[in-house]
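Undergrad: Now that you have both chains on their own, put them together as the hints suggest.
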Amino acid sequence: MADAYTPIATATLTGSSTGVAFSSIPTTYTDLIIVASMRSAAASDTFNTYIKESTYGYSTSDYSYTRLYGNGSSAASNRVTSAGNWAGEEICPSGQPSDARSTHIWQINNYSNTTTFKTMLYRGNVASDLVSAQVGLWRKTDAVTQVGFYSGVAANLTGTITLYGVKSA
Amino acid sequence: MLNTLAGIIASSGGAVALTDYQSIATMSVGSGGASSVTFSSIPSTFTHLQIRYTARQGSNGAIWLTYNSDTSISNYAIHRLWGDGSGTTSQGWGTGNFKQFVSGIPGSTDLANSFGVGVIDILDYANANKYKTSRSLSGYDVNGSTPNPGQIYLNSGLWLNTSAISSITIESQSANFAQYSSFALYGIKG
Numbered sequence: 003m004a005d006a007y008t009p010i011a012t013a014t015l016t017g018s019s020t021g022v023a024f025s026s027i028p029t030t031y032t033d034l035i036i037v038a039s040m041r042s043a044a045a046s047d048t049f050n051t052y053i054k055e056s057t058y059g060y061s062t063s064d065y066s067y068t069r070l071y072g073n074g075s076s077a078a079s080n081r082v083t084s085a086g087n088w089a090g091e092e093i094c095p096s097g098q099p100s101d102a103r104s105t106h107i108w109q110i111n112n113y114s115n116t117t118t119f120k121t122m123l124y125r126g127n128v129a130s131d132l133v134s135a136q137v138g139l140w141r142k143t144d145a146v147t148q149v150g151f152y153s154g155v156a157a158n159l160t161g162t163i164t165l166y167g168v169k170s171a
Numbered sequence: 039m040l041n042t043l044a045g046i047i048a049s050s051g052g053a054v055a056l057t058d059y060q061s062i063a064t065m066s067v068g069s070g071g072a073s074s075v076t077f078s079s080i081p082s083t084f085t086h087l088q089i090r091y092t093a094r095q096g097s098n099g100a101i102w103l104t105y106n107s108d109t110s111i112s113n114y115a116i117h118r119l120w121g122d123g124s125g126t127t128s129q130g131w132g133t134g135n136f137k138q139f140v141s142g143i144p145g146s147t148d149l150a151n152s153f154g155v156g157v158i159d160i161l162d163y164a165n166a167n168k169y170k171t172s173r174s175l176s177g178y179d180v181n182g183s184t185p186n187p188g189q190i191y192l193n194s195g196l197w198l199n200t201s202a203i204s205s206i207t208i209e210s211q212s213a214n215f216a217q218y219s220s221f222a223l224y225g226i227k228g
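Protein chains in written order, with the working numbering: chain A, 3 to 171; chain B, 39 to 228.
Worth flagging that the hints you see were computed from the coordinates, not collected in a lab.
Be aware that a few hints might be false.
[Claimed, not checked] Quick partial rundown of chain B residues pointing at chain A, CB under 8 Å, derived from the structure:
| # | residue |
| --- | --- |
| 1 | Ser61 |
| 2 | Ile62 |
| 3 | Ala63 |
| 4 | His86 |
| 5 | Arg90 |
| 6 | Thr92 |
| 7 | Gly121 |
| 8 | Asn151 |
| 9 | Phe153 |
| 10 | Tyr178 |
| 11 | Asp179 |
| 12 | Val180 |
| 13 | Tyr218 |
Note that the structure is predicted; figures quoted are calculated from it, not measured.
Beta carbons are placed, not taken as given, at the ideal position from N, Cα and C, and that holds for glycine.
Isolated chain B (complex conformation) (with noise of 0.2 Å):
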């Protein structure tokens, strides 16, 4: 498993599990590709939710997340801190401005075979006393093809609503998820 260099004491602990991370479901994008993906039914065992994924577009554009199918941007905020290779901006919007916005991905436009990638975590999600904040890192990279060269993010977003997060729906700002796009959702104990 390990190639051992000199000076490295090396240890293989493939058979210890952590049982506090647990998978929730798992939506993968097939050949005919999608607008949005929804995970629903999500128990309200664990204390934090994390969703993994790798995704592409039909044309290049943004990520949102929705909670509880409420798709009113009244309702969502963000401040985010991204660069895309050369500088860098801050930017926060209150509500009535987006979904909740989690990061750009490629389009058919860049380069073939590339993904872009995140986690996000939503913290608390259960808790129906209290507005939900998620941050999330995420971004990807083409190799500074044209015309969308890459983009990297550092997010914080806000559902100001204090129901228990029971579904989210992930969706493509501008065109279908590409096939072999996957999200998955994990569930943290606390």
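With the rest of the complex left out, here is chain A (with noise of 0.2 Å):
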């Protein structure tokens, strides 16, 4: 049986950027997951999260996704549509601890065929604030060889996040 789940690339925020992008994504594998451990320098943020735009503020009206989530005393649901990116998931805040951080889970599933259009499955957690996962829709059907994760507020970001393909037999 084939190693199915493999690191492609690493990014780690020093506190002077509002985000990143993995460009240049192979079409070798079946999935990708992206995983986040996060802090904003904004005292509110949420992470802007698009495919193929890489740059801050780029928006089209491409995207859509519906939202579960819990703060700690009532639990809600939220759709937006035809969006210019994936948005809603709060970072960590700069009133938490230093040493916090929030953790993010983007999963893209077939994310090379070009027939379908492209679903996203998110979990995030912010210990001090809330749960939440996102279903979200991509309506185009090209193969996804970029993703980009910013500062919803253009703040700086401290933290980790690495892309992982997982290939099926």
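TA: The structure is reproduced here in structure tokens:
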């Protein structure tokens, strides 16, 4: 049986940039998984996640997403349609202890096929504030060759983010 | 591989492989569709199993799992927390209601080219001394289009049987799985 879970690239953000893009992603895997441990310099921040568009602020209407989240006192679900990115997922804010980080896992199944739209699953945890899950749609049939993760308020980020490839038999 | 931006230290790890996560088998649905797919003769040499899928079916409905050809709903139970974009629902069903529910997925009346996705973990599947528990994260989004605008699920499932799991059948509730649906089974070593 083949080894199936491979790290493709890792970025360490040192507090002087607002995000990162992984580009030239090989099409040889079945699914992509992106794992981040992150902190923002802003008092309130969320990730903006892009496919193909790697520059902060670039916007199209090809994204939509449905969220499920709880903040310790209640649970809620919301949907955003025809958006410029996948968004809404909180990053550990600056007001938390300096060693605190939020955790984020994005999964893009069947990312390299050129026949179907791409669906993404997300799970996030900000221990001080909330837990959340998201399913997102990118209404393009293009293979995913690039993914970008940026502060929603252009704040500097501190943490690590790793791109993995999962390859099925 | 990586766009190096200011303040980022980048490293490429493409040569490193994680040997404890292995692909066992993949089922892809062709142009004729399929009402179910089955992973059989699953080796007992792993600690946990994971199924990763991309799926669509002929009409909007659910995905079910059964283990070892046990189709009796008296042996399956589930709890789930899910959202539909406007509200949340927490539900639990004891035995006698459903096979192992996983998720809703889009159908032919939903946005073209949209597929549901999911990741299902089946823990300690080869242990013959206890019932088997699964968990899953799954859902689909169709940009808010009707009639089924999208759902996201967090599930926990129970199979009330102590047998080691040697086969898993994934079936469509209401119609065949559509072409380009795919289901991949992985084994995770302890």
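Undergrad: Holds or violated: is there a CB of chain A closer than 8 Å to the CB of Tyr178 of chain B?
TA: holds (6 Å)
Undergrad: Interface hint check: His86 of chain B, Cβ to nearest Cβ on chain A, cutoff 8 Å. Holds or violated?
TA: Constraint on His86 of chain B not satisfied, violated at 13 Å.
Undergrad: Close enough to count: is the Cβ of Arg90 of chain B nearer than 8 Å to one in chain A?
TA: Status holds, d = 6 Å.
Undergrad: Tell me if the interface restraint on Phe153 of chain B is satisfied: Cβ within less than 8 Å of some Cβ in chain A.
TA: OK, holds: Phe153 of chain B within 8 Å of chain A, min 5 Å.
Undergrad: Can we keep the Gly121 of chain B interface hint, with Cβ of chain A closer than 8 Å?
TA: This hint holds: Gly121 of chain B lies near chain A, its Cβ roughly 3 Å from the closest one there, short of 8 Å.
Undergrad: When the nearest CB of chain A is found for Val180 of chain B, is that gap smaller than 8 Å?
TA: Since chain A brings a Cβ to about 7 Å from Val180 of chain B, closer than 8 Å, the hint holds.
Undergrad: Does the interface hint hold: is Tyr218 of chain B within less than 8 Å of chain A, judged Cβ to Cβ?
TA: holds (5 Å)
Undergrad: Please verify that hint: Ile62 of chain B, Cβ, nearest Cβ of chain A, below 8 Å or not.
TA: holds (6 Å)
Undergrad: Asp179 of chain B was flagged as interface toward chain A. Is the shortest Cβ-Cβ separation under 8 Å?
TA: Nearest chain A Cβ about 4 Å off; hint holds.
Undergrad: For the hint on Ala63 of chain B, does the least C-beta distance to chain A fall short of 8 Å?
TA: holds (6 Å)
Undergrad: Are Asn151 of chain B and chain A close enough, Cβ to Cβ, to be under 8 Å, as the hint says?
TA: Cβ of Asn151 of chain B sits 4 Å from chain A, so the hint holds.
Undergrad: Return the status of the interface hint for Ser61 of chain B: holds when the least beta-carbon distance to chain A is below 8 Å, violated otherwise.
TA: It holds, given that the least Cβ distance between Ser61 of chain B and chain A is near 4 Å, below 8 Å.
In the structure shown, a violation is registered for the earlier hint numbered 4 alone.
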